[in-house]
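*Asks:* I would like the entire structure built from these sequences, with the hints used as guidance.
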Amino acid sequence: MLATGSYNIFVLVKQVPDQGSKAGINPDGTIDRAKAKRMLNPFDRYALQAALFTKRTYGGTVTAISMGPPPATEVLLEALEHGVDLGYLLCDRRLAASDTLATAYALYKTILYVGKPDVIFCGLQTTDGDTAQVGPQLAERLNLPQITYCEDFAIVNGKVEAQRIIEGGTQKVVTDLPVLVTVANSYHALEYKSFRGAWRVQQLKRNPEEMSKYIRTVDLDVIGADAERCGLKGSPTIVAATEKVGEIGGNCCMFEGNSPEVLISDLLAAANVKEYIAALEAK
Amino acid sequence: MSDEAVTNFCPKGDVLVIAEVAAGELQPVTLELLGAGRILSDKMERSLLCLVLGHNLGDIPQKLIEYGADVVYVADHPELYQYRTLTYRRAVCDFLESLPEPPHTTLLGSTTTGRDLAPRIAAHFDTGLTADCTELDIGPYEHKSKVDPSKVGLYPNCLYAIRPSFGESLKARILGPWKNPQMATARPGVMIPLKLDPNRVGKIVNVPVNLQPEDYRLVVADTVREISKGFKLTEADVIIAGGFGLGSADGFELLKKLADCFPNSAIGASRKVVDLGWIPYQHQVGQTGKTVRPKLYIACGISGAIQHRVGMSKSGMIIAINKDPDAPIFKFANYGIVGDVYQIIPEMIKEFGAVIKKEEGEPVGRAR
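Those protein sequence lines, which keep their order, are chains B and U. Its first residue numbered 1, the first sequence is counted upward by one per residue in the working numbering. Its first residue numbered 1001, the second sequence is counted upward by one per residue in the working numbering.
Everything labelled a hint here was simulated from the structure, so no lab data went into it. It is possible that some hints are incorrect.
As the list claims (entries may be wrong) - What follows is a list of derived Cβ distance ranges for each label pair:
no. : chain 1 : residue 1 : chain 2 : residue 2 : range
1   : B       : 265       : U       : 1219      : 51 to 61 Å
2   : B       : 262       : U       : 1260      : 17 to 27 Å
3   : U       : 1139      : B       : 265       : 49 to 59 Å
4   : B       : 265       : U       : 1314      : 26 to 36 Å
5   : U       : 1212      : B       : 227       : 25 to 35 Å
6   : U       : 1077      : B       : 177       : 21 to 31 Å
7   : U       : 1247      : B       : 213       : 36 to 46 Å
8   : U       : 1135      : B       : 265       : 50 to 60 Å
9   : B       : 113       : U       : 1199      : 55 to 65 Å
10  : B       : 57        : U       : 1059      : 46 to 56 Å
11  : B       : 177       : U       : 1142      : 45 to 55 Å
12  : B       : 272       : U       : 1350      : 10 to 20 Å
13  : U       : 1079      : B       : 74        : 43 to 53 Å
14  : B       : 257       : U       : 1350      : 17 to 27 Å
As the list claims (entries may be wrong) - Partner residues aside, some chain B positions facing chain U, computed with beta carbon under 8 Å:
no. : residue
15  : 34
16  : 100
17  : 101
18  : 125
19  : 133
20  : 137
21  : 166
22  : 171
23  : 176
24  : 192
25  : 253
26  : 254
27  : 276
Heads up, the beta-carbon is just placed ideally off N, CA and C, and yes, glycines get one too.
*Replies:* Here you go:
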């Protein structure tokens, strides 16, 4: 049975610095986020695909939610171009320096404000934090079951059937809605932007009033969040210090400027690679 | 939080390791965490506790003592045989609440299980959690920022949770001394286990498990472990790893040919190519992938960003091939070849393939 329910699908997206770009990288190794190139967190592309696939297959609406400074509107517009119906941006200066716990709290309050989701898709993790913590922390706040490292998701007879990655294998799980899912990058890649979505965003860009209906910006007061639990104040952890990672080695034996044959024979002459490999074999 | 509380805050306390048992077997990361936890608890002159969850655990609790735990708490329940978020969450939270004082530090492995469970526990207790640490320590910290006056003060015994920081050649020291337990997950393969000591004495305590109906909301229908197909990336002697410099997914076909020259070899990959979908996530080496320590690591077209480096820098021998002579990987590889992987690797296959005389009929395993 292919139930065409009217599922209320939420997808969480984040704007992150583009790690492929050198823009905004300070000489001391830190990142100037204002100058860095911005992009949609790559893992969120899989979450977006899962959300749109769920909508297309089972029916419903997709609401994208993001937290960040005003430019984060860009990733919500991108989500709209892909076919998301509505976007919410939680934007408030008091959120600055939030750690994962404070972020999860703020998103939790946003979700309560926006509505009652049947399923919440998140990327497995972000490329700027790499923690994979916000999804499960949010599920804890919402008292939902969670499916992390999800690489396959279906709704069969009203129940969720999913596959997730575990150490050295995979696992099939079954649960009821509502559920929070973090999507791994082994899920299907995000499809191209839809013509309709792209066209719609073009229309919205020309009409700010219409735009504010589809990209709704909210702050802590609107969603009724306790500012004490957000930002630096609400974060139980801080980055106390950063240190440059010492250069290890620095005595790399280099081979260059020759034909591949010569390079490899030089390598074999210099290193005991052959003996090393032979020793492996003998083991 | 009153001012008085702050000056006395971050008291010393026990260190708790939450063990990981999968399919009835104790996972190596737990022994590594006990090794790291022992150092932390010794620094505070407190006990090292270990909570193990499962069913019919046999000699596992005893083994945890022999690897460094002072007290092993056993949560035995048929429904805990297999890991599930909500049942484990319940058992761990109930256990922590039953202690007379919260542990100072709580450590989990940053495996798919630890990364699934730890954030739920941290959120339940509203406490700090640092993911994927590469170093752990105990030390002092003075908080001077007046943004939140209630946090200002000198904290003598903080958990230093150290991890590489994004896109930067920096390590970040993350602290959260305002509330115990201070939580962290550590990558498998990074911390060093203690030597097994059969004479070590400790206490084994059974703890009650009271699961609730809502903890069964998710059912595991099937678990497939691929261990039988060969071996894991983390156990390979030789890893041939590919990065963005390969130019396309097809490059991995060439790497597989090179891997076939070696016994017990596996294919690794940098994060960028995994993000691009050239190769599945299971092959990813580095901060958000696997930490590996093969005897030989051949990095092909990998620039060597810090996130990759933390996952493989402890390899026995590192040979790097890259077009860019300034690639960071040449700063820590043992041998570097500046050139095109598509020209160098076929030559390597010719030379190395000749060295290794494979016994007839013996299949060459490769983690896929």
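*Asks:* Now tell me, hint by hint, if it's right for this structure.
*Replies:* We went through each hint and held it up to the structure:
For the pair residue 265 of chain B and residue 1219 of chain U, the beta carbons lie near 59 Å from each other, so the given range of 51 to 61 Å is met. At about 25 Å, the CB distance of residue 262 of chain B to residue 1260 of chain U agrees with the hint of 17 to 27 Å. For the pair residue 1139 of chain U and residue 265 of chain B, the beta carbons lie near 50 Å from each other, so the given range of 49 to 59 Å is met. With their beta carbons about 29 Å apart, residue 265 of chain B and residue 1314 of chain U fall inside the hinted range of 26 to 36 Å.
Between residue 1212 of chain U and residue 227 of chain B, the C-beta spacing of about 33 Å keeps the proposed range 25 to 35 Å intact. Separated by about 27 Å at the C-beta atoms, residue 1077 of chain U and residue 177 of chain B satisfy the suggested range of 21 to 31 Å. Between residue 1247 of chain U and residue 213 of chain B, the C-beta spacing of about 45 Å keeps the proposed range 36 to 46 Å intact. With their beta carbons about 40 Å apart, residue 1135 of chain U and residue 265 of chain B fall outside the hinted range of 50 to 60 Å.
Evaluation of the 55 to 65 Å hint for residue 113 of chain B and residue 1199 of chain U yields a pass: the beta carbon distance comes to about 59 Å. Residue 57 of chain B and residue 1059 of chain U have their C-beta atoms about 49 Å apart, which keeps the hinted 46 to 56 Å range intact. Residue 177 of chain B and residue 1142 of chain U have their C-beta atoms about 48 Å apart, which keeps the hinted 45 to 55 Å range intact. Between residue 272 of chain B and residue 1350 of chain U, the C-beta spacing of about 19 Å keeps the proposed range 10 to 20 Å intact.
Separation of residue 1079 of chain U from residue 74 of chain B is about 46 Å and conforms to the stated range, judged on CB atoms against 43 to 53 Å. At about 21 Å, the CB distance of residue 257 of chain B to residue 1350 of chain U agrees with the hint of 17 to 27 Å. The restraint placing residue 34 of chain B at the interface with chain U is violated, with a minimum CB-CB distance near 15 Å, outside the 8 Å limit. Below 8 Å, beta-carbon pairs count as interface contacts, and residue 100 of chain B has one with chain U at about 7 Å; its hint therefore holds.
Interface restraint check for residue 101 of chain B: the shortest CB-CB distance to chain U comes to about 6 Å, inside 8 Å, so the restraint holds. A cut of 8 Å between beta carbons decides the hint on residue 125 of chain B: the least distance to chain U is about 7 Å, and the hint holds. Restraint check, residue 133 of chain B versus chain U: the minimum CB separation of about 4 Å is within 8 Å; hint holds. Interface hint at residue 137 of chain B: satisfied, since its Cβ lies 4 Å from the closest Cβ of chain U, which is below the 8 Å cut-off.
About 5 Å separates the beta-carbon of residue 166 of chain B from the nearest beta-carbon of chain U, less than 8 Å, and the hint is met. The closest approach between the C-beta of residue 171 of chain B and any C-beta of chain U is roughly 5 Å, which is under the 8 Å cut-off, so the hint is satisfied. Taken as an interface hint, residue 176 of chain B checks out: its beta carbon lies about 6 Å from the nearest beta carbon of chain U, inside 8 Å. Taking 8 Å as the C-beta cut-off, the interface hint given for residue 192 of chain B is violated, the closest approach to chain U being about 15 Å.
With its C-beta approaching chain U no nearer than about 5 Å, residue 253 of chain B sits inside the 8 Å limit, and its interface hint holds. Annotation: interface hint on residue 254 of chain B holds; nearest CB of chain U at approximately 5 Å, less than 8 Å. The closest approach between the C-beta of residue 276 of chain B and any C-beta of chain U is roughly 6 Å, which is under the 8 Å cut-off, so the hint is satisfied.
Of the numbered hints listed earlier, those contradicted by the structure are 8, 15 and 24.
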